[in-house]
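**Student:** Below, each chain spelled out in residue letters.
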Amino acid sequence: MILISFDIDGTLTVGDPPGILPMDMVRAVKEQGCLVGSCSDRPISAQRAIWASHDIEVDFTVSKHMLPDVKAEFEADVYYHIGDREDLDRRPALEAGFEFLWPHEAADMPWVEGPDA
Amino acid sequence: MTENAPASMYRTDEGMGLWEHRGKVAAVGVGHSPTARRWDGRAETCVGAISLIALRRAIEDAGVDPAEIDGLVMDPVTTTGAYWPKGKPVPEEVTSAFNCTDNPLDGIAGLSAEWILKNMPELTGIDFTMYGPGCMSNAICVAAQAVGDGLANTCLVLKSWHNYEGRYYQGGANAGSDLPGTAALHALWGTPACYGTALQFAEYCRKYGKNHDMMAPFIENSRQNGLKFPEGYWASHRPEEITPEDYKAARWIAKPANLFDNDLPIMVSAAYLYTTAERARDMRQKPVYILNHAASNTRPRSLTPTLDEVEADTARTARKIYEGAGITAADLSFENMYDGFAQFHQFHIEGLGYRGMKFGEALDFYQTDISIHGPNPILPSGGNIGCGRSRFWMHTDCIQQIQQRAGERQVTGVKPEVAVSGGPMPLGGRFTVWSATPD
Amino acid sequence: MPKQGVVPDDLTRPFWEAANEHRLVIQSCVACKHLQHPPAPVCRVCGSDTVEWKEMSGRGTIYNYGVVHDCPIRLLQEDQPFNVAVVMLAEDPGIQMYSHLPGTPVDEVPVGAEVEVTFEATANGQMVPEWRVVGSSEGGEQA
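Chains as they are written, first to last, in the numbering used here: chain W, 4 to 120; chain B, 572 to 1010; chain D, 1179 to 1321.
Because the hints were derived from the structure by calculation, they are not lab data.
Remember, it's a predicted structure, so these values are computed and weren't measured experimentally.
For every residue, glycine included, the Cβ atom is placed at its ideal position computed from N, Cα and C.
There's no promise every hint is true.
[Stated by the list, open to error] Partial selection, computed: residues in chain B whose CB lies under 7 Å from chain W:
#1 E811
#2 I813
#3 T814
#4 P815
#5 D817
#6 K819
#7 A821
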């Protein structure tokens, strides 16, 4: 099982500022059977509203500092977080035991090849 | 050459009695620019351009001939904390779109009265300009005093903000390896901007037995009110509520201040038109009379204000506000005191004794009906938390509430007759008392 | 925690030079004896421009604290979250100094506890006063 956490602002095209990853990509990841959700500074209720408005059923919506809670709640073989900030995404992701991808690295969905690809 | 207002224009002392121009100055026009999170680099969205929008909207709102306007009071500093990078070329397509001053960054990273006048040819009658630096709270005090003193008869007041790419306060010296000795006394320990307020809030909670979760209804209410402010950032870009659950789940910035206790830096401009009560009678909008303006120049004894210092000064400020306006706390229909950081607000309203409140009681008050539809509205503008950082939503809201044209935000549980707004900090704020009638 | 370097300026040079000698000095007005920190060119109480630097005992108490989770200074971000306490000097509780309280666990700051000054080196070797809880076994270099 692969779990993928998306930052929103600066990462997804619906973000503020817009990132490069389209919602269709998130939908495709979900269809691949991955556990999917968002980890963002947006209010959690706003994160849920974004996913609902795109008709994507996510597994979690959490605040930016809650990646350890995600890891504790969901069992997966590998955990990814995708985001655009060194201090708010990359560093806390690595500290929480997640693999980290910048949006441009995630665009090709490297997890399809597995974490060591 | 436009000068900063002299200290004598601010009413800083206790015991000054009724303001000599009480009820003789009125706000008659409001203009807001659109908001943006950051500048996109286009000429039509630079801080100068959005200022022109706000000014022209205020003039139109008041229904006054621009040629009749003889005064301009503004803040020349427009930064939210973002500075033009050293050595970065000034975009020619921006400067060529305007009539420039000797400062190539005028209209981009700051704003002079000269720039405004060069780019508003319709303002042919201006013979008084003055700076009220700091924020709109300062500028409107200066404008009120100037009109009252007869330095201007019909006076525009302007405050604008610019914001650029990059995280707040993370460039410049904060990214460097060394600090100058004086700055180091504060800055070496890496405290974010909200730290000082968080400290005061921490002491407040210990002293009065309160906790951070008790702020949740205030934050929820502020955002709900802000989403009813169509000119606000959140209403126009990201209409997101902050539920109590959202608030409690947010990450800390400097515990006990979290992400949603902090406001969002944005680009925005607002302008008001002030004139004499006599002249105001003929203008399009119902005049909103200024009963008083007051100021605090108090500085903390050492590095950061203590709770004792904050409480002493907010009480002192309230005495100045009420004395000059000739009112008491019981006369306030509603309040619009500053909130960016959210944890300023309880200090301001406790100092005011709003609705009989004493020190240590505001957070309990937040657990009651504080909505615009109840008898005790708290911050009907939504403030910075509800609308983004401008430090002027609260003033606009006081004017529009009293004019009965606040739209969806209109208070319904009280008759909007007398209100107070101002800030920013409990130590060092500027405040205005607004009224539906001149006496 | 690695702090940014300090380049003393005219106003604060005596403070930083004393720190390099492991001494804590605070500006004092010769005329009215008022202590002030941060320093200023003149006394903030009486306006006298005759100010001197007085050595302090290096004792104080913790007045208050916050926990920084989102630090604007790049050099300190690796250490987030961390305590920043406000210490009141024994000689005058109105005089405050900041401290990371080396040796005190994050968010376990004993408000009201006694502290004593230590000195630690910043990135450029300039020493800076820090504070540790009296009785705490860890901490920076002792004065």
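**Student:** Hint by hint, note whether the structure agrees.
**Tutor:** Cross-check of the supplied hints:
The beta carbon of E811(B) is positioned within 7 Å of a beta carbon in chain W (closest approach about 4 Å), and the interface hint is therefore held. For I813(B), the interface hint holds, since its Cβ comes within 7 Å of a Cβ in chain W; the closest pair sits about 5 Å apart. Hint status for T814(B): holds, given a least beta-carbon distance of 5 Å to chain W, under 7 Å. Below 7 Å, beta-carbon pairs count as interface contacts, and P815(B) has none with chain W, the closest being about 10 Å; its hint is therefore violated.
With a least beta-carbon distance of about 4 Å to chain W, the hint placing D817(B) at the interface is held under the 7 Å criterion. Because the closest C-beta pair between K819(B) and chain W is about 10 Å apart, greater than 7 Å, the hint is violated. The interface hint given for A821(B) holds, since its Cβ lies 6 Å from the closest Cβ of chain W, which is under the 7 Å cut-off.
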